[in-house]
Amino acid sequence: MMDKITYNDAFEELKALISDLEHGEITVDELGAKVKRAAILIELCKKKLTASEEEVNKVIASMED
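If you count by the working numbering, then the sequence shown holds residues 1 to 65, one letter each, in order.
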């Protein structure tokens, strides 16, 4: 299910979570769940960036041949 989220959607959600944390808009009761969600979003973004980088490198390599 997480793979269906686009990079931009994940990044925007992550920015919103960070903003809420910075402005104290998350209660102590919500903190654990929000931090876990942020970790999931960060991992998703990293995977998508890595996949994109690999794809670009393949295209560049094929152009050099």
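Among the hints, erroneous ones may be present.
Straight line, CA to CA, 30 Å or less: simulated DSSO-like cross-link-like pairs of lysine-lysine [as the list claims (entries may be wrong)]: (1) 47 <-> 58; (2) 46 <-> 15; (3) 34 <-> 58; (4) 47 <-> 36; (5) 34 <-> 48; (6) 46 <-> 4; (7) 15 <-> 36; (8) 46 <-> 34; (9) 48 <-> 15.
Since the hints were made in silico from the structure, they are not lab data. The structure presented is a predicted model; accordingly, all values stated were derived computationally and were not measured.
Okay, the hints, checked on the actual structure:
{"no.": "1", "hint": "47 <-> 58", "in the structure": "holds, 17 Å"}
{"no.": "2", "hint": "46 <-> 15", "in the structure": "holds, 15 Å"}
{"no.": "3", "hint": "34 <-> 58", "in the structure": "violated, 36 Å"}
{"no.": "4", "hint": "47 <-> 36", "in the structure": "holds, 17 Å"}
{"no.": "5", "hint": "34 <-> 48", "in the structure": "holds, 21 Å"}
{"no.": "6", "hint": "46 <-> 4", "in the structure": "holds, 15 Å"}
{"no.": "7", "hint": "15 <-> 36", "in the structure": "holds, 14 Å"}
{"no.": "8", "hint": "46 <-> 34", "in the structure": "holds, 18 Å"}
{"no.": "9", "hint": "48 <-> 15", "in the structure": "holds, 17 Å"}
Checked against the numbered hints above, the structure violates only hint 3.
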